[in-house]
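J.: So you can see what is in the structure, the chains are spelled out below.
Protein chains: 2
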Amino acid sequence: MSRRGVLLVISGPSGVGKGTTIKRLFEIEDNLYFSVSATTRKPREGEIDGVHYSFKTKEQFEHDIETGEMLEHAVFSGNYYGTPKSAVEEKLLNGKDVILDIEIQGAKNVKRMLPEAVLVYILPPSIEELKKRLIGRNTEDEESLAKRLHTAYSELHEAPDMYDYFIVNDTVENAAVKIKDIIEGERCSKAAMQEVLKQILEEAENLA
Amino acid sequence: MSRRGVLLVISGPSGVGKGTTIKRLFEIEDNLYFSVSATTRKPREGEIDGVHYSFKTKEQFEHDIETGEMLEHAVFSGNYYGTPKSAVEEKLLNGKDVILDIEIQGAKNVKRMLPEAVLVYILPPSIEELKKRLIGRNTEDEESLAKRLHTAYSELHEAPDMYDYFIVNDTVENAAVKIKDIIEGERCSKAAMQEVLKQILEEAENLA
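So the protein lines, in turn, are chains A and B.
Going left to right, the first sequence walks through residues 4 to 211 as my numbering numbers them.
Going left to right, the second sequence walks through residues 4 to 211 as my numbering numbers them.
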């Protein structure tokens, strides 16, 4: 009896420590996969197609958007970046759990195209603490700090309706363990267990 | 910041090993509570009101059903048994996770009255194995075995639409650990985190 993989989308405001938390998550939990993103930017030295990125022309990428093959996409510095649906689907079918690290608009698209997706939002312990973390980075001038905080505020208003789970990132370790707990619980969800259920119902039919 | 307790309803066909699994769950996880059931049967020697059961008259119990104070109830040997809503609500408000061990019709009522309830169904590894376990009990004559299996079949058809999580009881230890995982994940669910979300949104409002 085989279960379907769990598709976990992780979002959070910038400065919340999402990158570090996900890095720790991959250290404490095996059987997790990042899907390889597609992009239209040129490969850099040493980057391998299908490993670091799936490199596409602008025409191919736009075709994939039109046909629904991109679960979500965004444009940075004039290049497309996105998550191909078929690569994610293949892993899920093989019982592998897939992690997507994307912002709130992308998460909304993924949920629309794959309703089984489980959406996790990482919260700061407080807004004060988020401010401190952003200032601590020393990479923000005042204007960009204000802009990031403004984005965080409006995200925090949208997140409660959209996301399934909320994690307070008080420490990286706690936050990573909580995401691990969510994945382990979701491995028993109706969506993940649909094949197992089908098999036992068939067996019951044959014996009844 | 305080979270709301998780209300977990556990069901499964007779013979699946639900009782042993729940016993093991309480050994490996603290902070779990059974709610005290209400009943109209007479207290036995040594039974304390409010500890073993909340003892009620038939009139009191029927009044509680009418006012919606009974999350679910059933009749055995002419006596009412049920789960009082206020006792469960109080524990959830105080951040305590509550386990209810009830059959499928009761679970349906609980979900209707408290939509945040998380419904877990325990499956046998196979129908053959369920048969073996029922026969192994040596307490079943052929007629009652056939009746229990028939009930199990019809439950298995109803469960996939109703329940949120499905656990295969291959070993008691695995099944107990999986329920523990589900509880830990659900402690981060939207329902459990509503107060935390409210507080951080209020803080954001005040700073914006």
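Accuracy of the hints is not assured; some may be wrong.
Here are the computed lysine to aspartate or glutamate pairs in the DMTMM-like style, where the Cα-Cα straight-line distance is at most 25 angstroms [to be verified]:
hint, chain 1, residue 1, chain 2, residue 2
1, B, 21, B, 32
2, B, 114, A, 164
3, B, 135, A, 50
Not close to chain A: a few residues of chain B, all C-beta gaps over 10 angstroms, as computed [claimed, not checked]:
hint, residue
4, 108
5, 127
6, 129
7, 140
8, 146
9, 160
10, 181
11, 184
12, 189
13, 190
14, 206
Simulated restraints, written as ranges between beta carbons of each label pair [said to hold, decoys possible]:
hint, chain 1, residue 1, chain 2, residue 2, range
15, A, 128, B, 150, 14 to 22 angstroms
16, A, 147, B, 161, 54 to 62 angstroms
17, B, 34, A, 174, 14 to 22 angstroms
18, B, 68, A, 68, 51 to 59 angstroms
19, B, 94, A, 176, 24 to 32 angstroms
20, A, 139, B, 26, 42 to 50 angstroms
21, A, 118, B, 147, 41 to 49 angstroms
22, B, 161, A, 141, 14 to 22 angstroms
23, B, 62, A, 131, 54 to 62 angstroms
24, A, 138, B, 66, 47 to 55 angstroms
25, B, 161, A, 174, 18 to 26 angstroms
26, B, 209, A, 176, 43 to 51 angstroms
27, A, 128, B, 94, 44 to 52 angstroms
28, B, 68, A, 119, 36 to 44 angstroms
It is worth saying that the hints were derived from the structure and are not from the lab.
Owing to the predicted nature of the structure, the values given are computational and were not obtained by experimental measurement.
Glycine included, C-beta positions come from ideal geometry on N, C-alpha and C.
J.: Which of the stated hints cannot be reconciled with the structure, identified by number in ascending sequence?
T.: 3, 5, 6, 9, 10, 11, 12, 13, 14, 15, 22, 24, 25, 26, 27
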